[in-house]
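These protein sequence lines map, in sequence, to chains A and B.
The first sequence finishes on residue 283 if you use the numbering used here, and the numbering steps up by one all the way, no holes.
The second sequence finishes on residue 256 if you use the numbering used here, and the numbering steps up by one all the way, no holes.
Among the hints, erroneous ones may be present.
[Claimed, not checked] Keeping only pairs whose Cα atoms sit at most 30 Å apart, straight-line, the calculated DSSO-like set for lysine-lysine is:
1) A:Lys25 x B:Lys131
2) B:Lys244 x B:Lys181
3) A:Lys206 x A:Lys129
4) A:Lys186 x B:Lys131
5) B:Lys181 x B:Lys131
6) A:Lys206 x A:Lys191
7) A:Lys206 x A:Lys233
8) B:Lys12 x B:Lys34
9) A:Lys191 x B:Lys131
10) B:Lys131 x A:Lys31
11) A:Lys206 x A:Lys25
12) A:Lys129 x A:Lys31
[Claimed, not checked] Have a look at the derived ranges for each label pair, beta carbon to beta carbon:
13) B:Tyr15 x A:Gly27: 53 to 59 Å
14) B:Tyr253 x A:Thr175: 29 to 35 Å
15) A:Ser169 x B:Asp29: 36 to 42 Å
16) A:Leu256 x B:Gly185: 19 to 25 Å
17) B:Gly107 x A:Arg114: 26 to 32 Å
[To be verified] Chain A stretches covered by chain B per the calculated footprint, using a threshold of three residues with CB under 8 Å from any CB of chain B:
18) 64–73
19) 180–192
No wet-lab data here; the hints were simulated from the structure.
Positions of the beta carbon are idealized from the N, C-alpha and C atoms, including for glycine.
Single-letter residue listing:
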Amino acid sequence: MAAPIPFDTERYSQIGGIFAKLGARVKASRTFLLATVVFVVGWELVVYLFEIPSYLLPSPSNIAVEFYQNFTIIWRSTLVTAYETFAGFFFALALGIPFSLGVAFYRPLRNTIYPATVALQLVPKIALAPLMITWFGFGLTSKILIVFLLCFFPILLNGILGFSSLGTELTYFLTSTGARSKTGFLKVRMPAALPQLFVGIKWAAINATVGATTGEWVGGDAGLGYLIKFTSGDLRINFAFAAIVTLSLLGLFLFYLVVLVERQLIPWHVSQRSTSGMV
Amino acid sequence: MCDSITLYGVKKVYDSRNGPVHAIGPADLSIRKGEFVSFLGPSGCGKSTLVLMVAGLLPPTEGEIRIDGVVVNEPRTDVGIVFQTPVLVDWRSVLGNVLLQVELRGLDPAQYRAHAVELLESVGLGEFLKQRPYELSGGMQQRTAFCRALLHDPPIVLMDEPLGALDAMTRTRLRDDLEKLWLGSPKSVLFVTHDISEAVQLSDRVVVITPRPGRVEREITVDLPHPRDFDVRQSPEFLGYVKDISDIFMQYGVI
Ligand SMILES: Nc1ncnc2c1ncn2[C@@H]1O[C@H](COP(=O)(O)OP(=O)(O)OP(=O)(O)O)[C@@H](O)[C@H]1O
Ligand SMILES: [Mg+2]
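Okay, chain A solo, but in the shape it has when bound (with noise of 0.2 Å):
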């Protein structure tokens, strides 16, 4: 009865779908890049007709001939931070994901390293700064370490609701099978836990940048929190906002890398279904 859909039909149409999706994504694209435009002009505009000092608010002009004059700095600056971000960021990962498996399926380390970890998080993390700076020195490792305490509680709690969510019938299906803990993971469990794991990851991205600014602010003599701390306190307004600009686009980059893995490795969720659902 059924006959087979021709490969190449099946073929041509998903082509088709690809340049649908992609129609889709410029229009979105666009939109946004519209938004953006009007924001700076007005922003230009405000400045401009107001007369407002360039100490209390530069405008886009002239922070982009900041950006052009003290490029050099800004970009060298730009890369410690990056390293920073990155490490910490990575570290938490490479933890927090096995160590919420551990959570989830293990009750000794759920009633011991957990409510110590839980605990640990109530304390604000700007208070754990200059003690990590004491502890470790001026240099990266305080920094980085200070970047994966922020990422790597979102990560872990995340991971632990994922991780311990699989619907009862599913897993009723699925011992059932008798399969072995290995395969059962790699192919239900961890598959079914990938889109709560990606909203800790998300919220590990964005908390990153945060946690390497604060360290570079508390006690550094490197990188974009430094720099701009540095130079606000010399009242170099203008500079002070090219480097946060560039800061804020170091946040997007590495969220937006995160939200990229996401479309690959869960194109099947209900968010990521509509390139009209959310990032």
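Fit chain B with the ligands to the supplied structure of chain A, relying on the hints for placement.
Chain B with the ligands only, in chain A's frame:
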């Protein structure tokens, strides 16, 4: 024919926050090899509980269950289970979901592919092999779940209200599908439902269960030819069975 599933004084009492809940039993019963037995009872009488106990997914509080003479005291892997909802995974296609049954067992999916396609075609899903579950209707999803439960050719199939979540029209169609699947390869089937005519259409025997705590009220052997198509379902014999069973539930005030 010999017995496939036997229940000896099986009883389940749940410990809940509000004290113990006597869900079902004690129940004595046996299901022969290749027999299609329906459990018919009102909501909350312990039907799902019974299915889980037979599958070895839940221990009985008292009594024991034997499959082919062996006491069930751990999850059975030689059963196929269909739940009230399809329980498919969104990251796999229809075919992939069916093949998950054997992949989880560590078997080579390539060897089961042809059989999986054949099963899916027999329930009219031949053109939807590559679709994802969320691209299917509820009825199509449930048919996929049937195929997944049958792929490893289990001697025992447990179905817990598999048609419960579907609309009346789809139910009727799927009933015929189920009957066809079963006639194609007779297995011992324990089928849970609270739809009387569904039970009569599909079963060799209907086990009527009382309201909670569920007990076996009566066993009715349905002696009608298969397939029980539209004409058979209009016959006085068929309607007689339906009426007899309805009368029992009337007495209990359930309907
Ligand atoms: N995990 C549990 N803990 C405590 N009580 C439970 C549990 N599961 C079921 N029960 C109770 O046991 C009784 C039987 O439940 P069960 O799910 O087996 O009923 P059922 O016959 O399948 O009902 P339905 O037709 O609505 O699916 C119910 O009264 C329910 O409240
Ligand atoms: Mg039930």
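Hints and how they fare:
no. : hint                            : verdict
1   : A:Lys25 x B:Lys131              : holds, 19 Å
2   : B:Lys244 x B:Lys181             : holds, 25 Å
3   : A:Lys206 x A:Lys129             : holds, 19 Å
4   : A:Lys186 x B:Lys131             : holds, 26 Å
5   : B:Lys181 x B:Lys131             : holds, 24 Å
6   : A:Lys206 x A:Lys191             : holds, 23 Å
7   : A:Lys206 x A:Lys233             : holds, 27 Å
8   : B:Lys12 x B:Lys34               : holds, 23 Å
9   : A:Lys191 x B:Lys131             : holds, 18 Å
10  : B:Lys131 x A:Lys31              : holds, 29 Å
11  : A:Lys206 x A:Lys25              : holds, 23 Å
12  : A:Lys129 x A:Lys31              : violated, 40 Å
13  : B:Tyr15 x A:Gly27: 53 to 59 Å   : holds, 55 Å
14  : B:Tyr253 x A:Thr175: 29 to 35 Å : holds, 34 Å
15  : A:Ser169 x B:Asp29: 36 to 42 Å  : holds, 38 Å
16  : A:Leu256 x B:Gly185: 19 to 25 Å : violated, 57 Å
17  : B:Gly107 x A:Arg114: 26 to 32 Å : holds, 29 Å
18  : 64–73                           : violated (count 0)
19  : 180–192                         : holds (count 9)
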